[in-house]
Amino acid sequence: MYGKQEIYDLLNEKKIEYEAVEHIAVYTIEEMMALDLPNEDIIAKNLFLRDDKKKNYYLLTVREDKRVNLKELRSILGSRPLSFASENDLQKYLGLQRGAVTPLGVLNDSEHAVKVYIDKEFEDRSLGIHPNDNTASIWLETKVLAALLKEAGAEVEYIEL
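Just so you know, we're using numbering that gives the first Met the number 0 here: the sequence shown kicks off at 0 and counts up by one.
Don't take every hint at face value.
Using 20 Å as the maximum straight-line C-alpha spacing, the simulated EDC-like pairs for lysine to aspartate or glutamate come out as follows [as the list claims (entries may be wrong)]:
1. Lys53 with Glu120
2. Lys119 with Glu159
3. Lys65 with Glu159
4. Lys65 with Glu39
5. Lys13 with Glu140
6. Lys65 with Asp123
7. Lys119 with Glu30
Since the hints were derived computationally from the structure, they do not count as laboratory data.
Take these sequences, add in the hints, and give me the full structure.
In structure tokens:
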């Protein structure tokens with residue numbers, strides 16, 4: 000399982016440039032923004048979603064200030080009705096706790112059950128996410144993140160929201 004230290008080790012091993020900041024545990028994007036972290040304009044909000052039959056799971060990464068309409072997203076993805084996945088599913092598929100949702104969680108998804116969608120706004124930028132733990136944040140290039148996840152077998156796609 001990839002926890003915070005394992006993520007740092009992986010990034011260092013692969014010589015991936017990143018900036019890390021340790022902070023108190025945060026559980027919501029509002030708590031995160033209250034920390035007054037650097038590069039606030041590229042901090043991402045991550046939503047762990049599922050369809051109504053619990054057959055398809057999605058991790059959606061968007062700008063922290065973007066509102067996501069699940070009905071519109073359903074149409075974009077061509078999926079069944081969407082809702083937020085449970086904390087049990089978060090632990091089962093991504094090995095994460097509430098407040099630590101991040102695309103890096105799919106490194107723990109040995110079944111490759113979770114598809115990652117990243118807002119196209121991030122495609123040519125860096126973004127700020129948790130390193131599988133809500134007591135730190137890291138900033139890295141989005142394309143490098145997507146390549147790392149794909150290398151691990153994850154399905155990653157940029158979408159226009």
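Hey, lysine 119 versus glutamate 30, does the alpha-carbon distance stay inside 20 Å?
-> Outside the cut-off at roughly 25 Å; violated.
Is lysine 119 close enough to glutamate 159, meaning Cα to Cα at most 20 Å?
-> Given that 20 Å is the threshold and the Cα spacing comes to 5 Å, the pair holds.
Between lysine 65 and aspartate 123, is the straight-line Cα distance small enough, at 20 Å or below?
-> holds (18 Å)
Is the hinted pair lysine 53 and glutamate 120 satisfied, with a Cα-Cα distance of at most 20 Å?
-> It is violated: about 28 Å lies between the C-alpha atoms, which goes past 20 Å.
Are lysine 65 and glutamate 159 close enough, with their CA atoms no more than 20 Å apart?
-> holds (12 Å)
Hinted pair lysine 13 and glutamate 140, Cα distance within 20 Å | holds (14 Å)
Starting from lysine 65, check that the Cα of glutamate 39 is at most 20 Å away, please.
-> Holds, at about 13 Å.
Comparing the model with each earlier hint shows violations of hints 1 and 7; every other hint is respected.
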